[in-house]
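S.K.: Protein chains in written order, with the working numbering: chain A, 1 to 325; chain B, 1 to 325.
For the record, the hints were derived by calculation from the structure and aren't laboratory data. Be careful, since some hints might not be right.
The list cannot tell twin chains apart, which means a pair is met if one copy fits it or any two copies do.
Below are the DSS-like pairs computed for lysine-lysine, each with C-alpha atoms no more than 25 angstroms apart in a straight line [as the list claims (entries may be wrong)]:
| hint | residue 1 | residue 2 |
| --- | --- | --- |
| 1 | 8 | 87 |
| 2 | 71 | 185 |
| 3 | 260 | 87 |
| 4 | 186 | 162 |
| 5 | 175 | 185 |
| 6 | 105 | 125 |
| 7 | 71 | 105 |
| 8 | 185 | 221 |
Quantities reported herein were computed from a predicted structural model and do not represent experimental measurements.
Protein chains: 2
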Amino acid sequence: MHDEKILKVLRDRPGEYVSSDELCKDADISRAAIWKRMESLREEGYEIEASPHLGYRLVASPDSLIPDEIKWKLDTRILGKEVIAYKKVDSTNDVAYSLAEKGMKEGLVIIAEEQAAGKGRLGRKWASPPKGGIYMSCILRPDIMPNEISRITLLAAVAVAKAIREFSGLSAMIKWPNDILINGKKVCGILTEMKAEADAVGFIILGIGINVNTSRADLPKVGTSLKEEMSRSGRGEKLSRVGLARKLIESLEHEYASLKKRGFGPIIEEWKSFSDIIGSRVKVMTHSRTFEGQAHDIDQDGSLVVRRERGQMEKVSSGDVVIME
Amino acid sequence: MHDEKILKVLRDRPGEYVSSDELCKDADISRAAIWKRMESLREEGYEIEASPHLGYRLVASPDSLIPDEIKWKLDTRILGKEVIAYKKVDSTNDVAYSLAEKGMKEGLVIIAEEQAAGKGRLGRKWASPPKGGIYMSCILRPDIMPNEISRITLLAAVAVAKAIREFSGLSAMIKWPNDILINGKKVCGILTEMKAEADAVGFIILGIGINVNTSRADLPKVGTSLKEEMSRSGRGEKLSRVGLARKLIESLEHEYASLKKRGFGPIIEEWKSFSDIIGSRVKVMTHSRTFEGQAHDIDQDGSLVVRRERGQMEKVSSGDVVIME
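Work the whole structure out from these sequences, hints included.
M.R.: What follows is the structure, encoded as structure tokens:
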């Protein structure tokens, strides 16, 4: 575990050297302990310059999903005030779910560099290789009914699409209900799980997996990563995962606050602006049947309304929908 | 743990003596072990007569919630094929929930003589004193959407009301959504909990607490027990809790099979036949507001439809409803 106090002192004076005397005083440690602490920070990937006369200077922070890095200047009031990070975990959703069952409060974020058993919708898997992904889950305790959970799912899709757009400039689109695509390829999946009574939601776990700097070789066939798409558009840069994670948490909180304040209507409108499904000819596949029609609208429950051949409307709240070319 | 094989041999020949030789052979035990096994059965409350010449005879079984007793002649194919019993547990719903999370299959019943932290709807408590109650929870894995969970709740209310009526002859009524009343007093509460994704139910835990032989002194003010109501109607008998538990499991399976086969319509009709709410003037109290109106119908989601003063209809899917006298 690195020393949060030392980091804070160095960060508070960006680009500047901080003398050993000041470090001892401000970070409340003994002179003898400084060197060891600096070494352990370097092991975590922090670049720290030392000068015999001037002291220490923070040159660069690692792009690791370290709680202090994510929380640094995080502009939220609820989400991410507490972050627990893992190098590797079976499923961040499962960890968050079990903590929520023990009473952990709204806003806790579980984040991991790798998942051994990442979960997708409807019992599917979510490939979660190390080196490049963000796998995170968040505890929410909204005052909604179980039949309103799709609102949280669609809200999350909007928040992720906006965060990716603002952070990378890439044109992230939403595929119903909540996949995020770039140039038609999946870059992010969202899994919403809940514990609920018949007429009250206990908690919701919102899980988000994003391929950020993941290499082509580590991706599933139908998937892509932000880095791959950046390089396709001539910008071969890696993105800061810490920066994106922070952006994402802020974006989620923004949409979540909007839901509480202004209801679901504005979120549906934003969702539609990031999707080209409305008006398109679609094929719907649920576990029990398959049919075609024209995507007509998203209703107040978050269901897709599809117009069948003879004009009759069908609500689709589960399964998969593809746009027919 | 008692010996299931010995019990089976004795039960298979009701009223008859079974010789030691036959017991050894049929129950596959040594002659030397018989006496000890009989003693342990007697400790559990079984009355067993022994005759030096004739052998052993089962006179009476205890009215304890012992899995073998409940499963004895239980006429079901899914529910209660496996029963786990506790003398005392915090909450049968919590035990069932955590087993379901570990993958335990549909139909498992958790039953207890006493709950230290029995749960009711909306975070309320359910008084669960020892000596007289049935506290049980069952794992269901129906192929429904999260917004259909109320169907399971209403189904359970119907199953419980029918089981109590058939078993005791008492006129059990349903109070929306799922309390069971006798002479206007609560005798049973139902708590349905689920783990779900946005568009798929993982599992449902159906919890049922019934005051069967519970004494007046152990009951909450607004509650009653079947024994109390039997004695009010001049029949001062205790009821067999084992028999009622068995009846209840069979009744639940019957309604559950009906839901799968014929849909929710017939269950709504049965629900209505056990309720006097439809047509009555009601006061609705949800967590956010209170209003009055006339109960108009139960809709396909299991929501109560209330007609307000100016004729507008409101769906009520949470909270409490009382009939105005």
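S.K.: Now tell me, hint by hint, if it's right for this structure.
M.R.: Checked hints:
For a Cα distance limit of 25 angstroms, the shortest separation of residue 8 from residue 87 inside one copy, 23 angstroms, qualifies, whereas the shortest one across copies, 55 angstroms, does not. Within a single copy, residue 71 and residue 185 get their C-alpha atoms no closer than 30 angstroms, and across copies no closer than 54 angstroms, so neither meets the 25 angstroms cut-off. Within a single copy, residue 260 and residue 87 get their C-alpha atoms no closer than 34 angstroms, and across copies no closer than 45 angstroms, so neither meets the 25 angstroms cut-off. For the homomeric pair residue 186 and residue 162, the shortest alpha-carbon distance inside one copy (15 angstroms) is at most 25 angstroms, but the shortest distance between copies (51 angstroms) is not.
Proximity of residue 175 and residue 185 under a CA criterion of 25 angstroms is satisfied intra-copy only: 10 angstroms inside one chain copy versus 52 angstroms between copies. Taking the shortest Cα distances, residue 105 and residue 125 sit within 25 angstroms of each other only across copies (21 angstroms), while inside one copy they are farther apart (27 angstroms). Taking the shortest alpha-carbon separations for residue 71 and residue 105, only the intra-copy value of 17 angstroms comes in at or below 25 angstroms, while the best inter-copy value is 41 angstroms. For the homomeric pair residue 185 and residue 221, the shortest alpha-carbon distance inside one copy (9 angstroms) is at most 25 angstroms, but the shortest distance between copies (62 angstroms) is not.
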